[in-house]
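There are 2 protein chains.
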Amino acid sequence: MNNKRGTLSFASSGKNSRQTQVFINLVDNDGVPNFLDAQGFVPFARVVDNEKNWAVLDKLNKEYGIQESISGGMVGSVNQAKASFYGEEYLDALFPKLNSGILQIDMKLQTAILAMFASTFSRTSAFTSPLSIRRGIHSSVSYLAAEGGRKSSAVADKDLITKTEKGAQKKKQTKLDTNPPKGTRDFYPEDMRQRTWLFSQWRDVAKTYGFSEYDAPVLESESLYTRKAGEEVTEQLYNFVDKGDRAVALRPEMTPSLARMVMAKKGGLNLPLKWFSIPQCWRYERMTRGRRREHFQWNMDVWGVDGVEAEAELLSAMVDFFERVGLTAQDVGIKVNSRMVIGEVLTELGIPEEKFAATCVLVDKLEKVPIDAIQDDLAELGLDRSVVEKLTEVLTNKSIESIASVLGPESEAVKELSKLMSLCKAYGIDEWILFDASVVRGLAYYTGIVFEAFDRKGELRAIAGGGRYDKLLETFGGDPTPAAGFGFGDAVIIELLKERDVLPSFSSADIDSVVFAMKPELYDDAIAIATKLRKAGQSVDVVLEKKKTKWVFKHADRIQSKYVIIVAPDEFANGEVSVKDLSCGEQTSIKIEELNEWVEKTSS
Amino acid sequence: MNNKRGTLSFASSGKNSRQTQVFINLVDNDGVPNFLDAQGFVPFARVVDNEKNWAVLDKLNKEYGIQESISGGMVGSVNQAKASFYGEEYLDALFPKLNSGILQIDMKLQTAILAMFASTFSRTSAFTSPLSIRRGIHSSVSYLAAEGGRKSSAVADKDLITKTEKGAQKKKQTKLDTNPPKGTRDFYPEDMRQRTWLFSQWRDVAKTYGFSEYDAPVLESESLYTRKAGEEVTEQLYNFVDKGDRAVALRPEMTPSLARMVMAKKGGLNLPLKWFSIPQCWRYERMTRGRRREHFQWNMDVWGVDGVEAEAELLSAMVDFFERVGLTAQDVGIKVNSRMVIGEVLTELGIPEEKFAATCVLVDKLEKVPIDAIQDDLAELGLDRSVVEKLTEVLTNKSIESIASVLGPESEAVKELSKLMSLCKAYGIDEWILFDASVVRGLAYYTGIVFEAFDRKGELRAIAGGGRYDKLLETFGGDPTPAAGFGFGDAVIIELLKERDVLPSFSSADIDSVVFAMKPELYDDAIAIATKLRKAGQSVDVVLEKKKTKWVFKHADRIQSKYVIIVAPDEFANGEVSVKDLSCGEQTSIKIEELNEWVEKTSS
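Residue numbers (the UniProt record's numbering), protein chains in the order written: chain V, 1 to 604; chain Y, 1 to 604.
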């Protein structure tokens, strides 16, 4: 029997050594590597924390009786630690079918290893595992910080086994897969009309507020996103290395591109800047929750204004949109808070300022998971239960008055919130706005006012959200620049409009006339008539092939055309065409020379 | 000294074994692999033709004195052939700095290997080489079919060496790179207004012709593009393997997505189908020619119509667009041809039908390279010089009449072309259209009429192109469906409009009024006035921060606002605002309650 040896190795790539990959590699006893797949590797876990690698390795070795032989060290200039092990038992468990000619990893062992990683690393150092033996047997798991320890990873592992086994059993498809890639959408004409309608509403509102549209490539350098503090957005990044060996990513959000574009002009842009965009944004996420990997997101941002006048303007634009699409303050509310509220409470509780952002993330989590589940995170932040309970007490406040009674009359947070509320009154949008101290928004980069539009019925996820992020440009190495903005996805709003039954119908293709030559010899004349109508401004569908009159009317009905124009021998000889108005069924003859007047009359 | 061994291996992945990767891997004399980079491999060439691998390997070994020891065979279920070699000389040349701790490949050797690949494989089986040792030292080369053999690859190699050396010398950037990724564009507001304007023109024309807009994900499965016959589009594919181990690609064109969407509905769509889209399309290409990696492309397609009426309708839409943007038949022409012309000539010359598509590709090349450069390709097709000379003679024909005299009165090609010309007369677009037998379009999938819009001055590349592709859906496994369409990029047309000086200016942000509160205590009132104007339909820019009146006028001037509305204490007390018309400099007072009438009056 062929004697196999395995290598478990940790390779750190990237200049800051925060990204570590763990590999299992197999080497023949004659020293020739077995290429497990086109990549040659089974990279089975990517972890964020480099220092804890060795502890994990020890655990692994102990638990699986691996006779380890550490031969680590530096190879080349890459900071690389390596460990070889030669345990037959381990390898037999890992690749049970190797000798039978089918490379297939033991999924139980694999998931056990993953579970161990999940429990060994602190939950804030989440990791993704592209389990890949070869194509067809693969899966990917994200261990999210918020989902806590071993318990949730066990759930993930179960999914993983199910998914992976399915993957292994599935035969290679020979027919074209007509689905769009997982988590993405096709837009057939009716879907597209709905999308165009939504985008027009967004654009019209933005234009009304004097905002200018911009765009950036959907593909950006990965470093644009990894620069910002490690957050969910990085974990779920749709990133890859391109053929030129560049680390790139499909944009998860628009703000980093905006920051890049502003910086590229080196102060050459006049502030304040009021810009909007409707980018398609991407994320790579486990698909078990049925969530999509792309969405379109309306972004509106004001840069260079440090007062809450900017936030009020943004809130007003958002409400303007809601009103345009037929929603009322009874359907939608916008929760408003300020990060300064938590800031001031933390100061009072003696928590240092540098823990502010992390505490915000934590507070955001408190809404979703019980306090017990994040005990470790609290300890790491130096917060004990009593502090968190005090914090929770303050954050359940739903009125500025009661917050004011806690923070005192000189509180900057209270002043800021009161001013915003007064501005909202001036805009006439105050019935849409409510104060809610528990809203902090997930992203750590918000520095002041934060807000979140929500379904008053409480059935849907957040509709839109935003706030002030004065520190962002500095994190990119730019000058301090006050900034506020919001993101507004295309998915939840459509759900809401459907649910409230205010979404228009998009079944009609909006065609004015179907033009039809009754005889082939009249086709050229029909074309001339269609051209006349088009030049007059009509949307005209010409029947391009030989069809029966019956088909033409059925077709016109199906596409919901307003008129059918028939070029028939006798009428044409009289310089006329036959026009049927499909709304009433009435059929008349119109002089060809009078068609322009007819178009004008019917379009008004 | 550490004794190193290298492995040169060919691994074939993918079910049809047409994609082969060539790896160089390094193994320590103790059998532990050295991980050259995070990927652990130096995948230095991806070739299309599997059968010729061994020949290349032999050549390599001979040329570099490699003591080869073939130990190929099947490993696992992957069709894999492997060869190990132990030549110190080879390895020393390949990794000269390995022992000094810096892994760096010898670029001369690397490029020599690439050059050998380029000359060994037939030029139609082009390949791409993601040369990757570790990030920072990398480059990518595409050997294009059209550029022919060793000579052009030598040029590429020179570029490669220069580029790679530069890459190696370049220090890791610590500051944010504010450029968009290579070959992509940012759209600042002025650029965006231009893009929006162009897209509106395209959309308006499409709507006038009764076409419906659709869209598909920018990311598609790679297999969607590799299914089509190996052509340039595949060579230049912006493809990658995602975290879920799926082979995906940024779409290079829209038609395959359209085919997928049509097939997904399994006959549930009513034909004929008249659809359009404006997708962003991507390619991965060497950037030496300064060409971009993305562009937007207007697509219009008619499916289900087998007569040239479809092509005539498409040509008319194209001309309609040209006229709308201010171009004339003196600026732009559209060359029209039929693939049937070449088909009939080939039949006459005794060339079998299955060589038709390949001959079309060849004919397309004849315009760009001398006949000597493609002698091998001709031989492979079984065409000798005399045949090609005859073909060339026919293809230089610029009138249907003279083609008719060659092909005879019963020629289907001539009938088809004559009919198309007669239809173009009916549309009134005949002065734009000219027959040119040399136009065949690069893509092999065209089956009938082909056309290409061009700059009459001959200074720019093709503006747009399209034709009939009746076989496409069948190649995807669908039912035979007649289809015709065109693609129209956003780059050349903008160049042309600039060159002809008919491109509008997009410097104005199109703001109606700038609203300004002269005193902070009037800010809320200014907001109320801005809201009033916005509800009346104006685009209003509110001055959100404390500014001097001088700044406000400068700002209004810069953004080219039509009016400045000042809320000043005395006038406001009288129920009035001060309105300055920036087009004439006239300043008047208007009653706040009469602002609606003012908006109506000024907007008409």
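No wet-lab data here; the hints were simulated from the structure.
Incorrect hints may have been included.
[Said to hold, decoys possible] Result set (SDA-like, lysine to any residue): computed pairs, CA atoms no more than 25 Å apart in a straight line: (1) V:K265 / Y:A509; (2) V:K519 / Y:V369; (3) Y:K425 / Y:Q201; (4) Y:K532 / V:D581; (5) Y:K182 / Y:Q236.
Pair hint outcome, Y:K182 versus Y:Q236 [Cα-Cα no greater than 25 Å]: Holds, because 15 Å separates the two Cα atoms, which is no more than 25 Å.
Is the Cα-Cα distance between V:K519 and Y:V369 25 Å or less? Judged against 25 Å, a Cα distance of about 48 Å means the pair is violated.
Can the restraint linking V:K265 and Y:A509 be considered satisfied, given a maximum Cα separation of 25 Å? Holds, at roughly 18 Å.
Can you confirm whether the C-alpha distance between Y:K532 and V:D581 stays at or below 25 Å? violated (40 Å)
Given the proposed pairing of Y:K425 with Y:Q201, does the C-alpha separation stay at or below 25 Å? holds (24 Å)
Checked against the numbered hints given earlier, this structure breaks hints 2 and 4; the rest are met.
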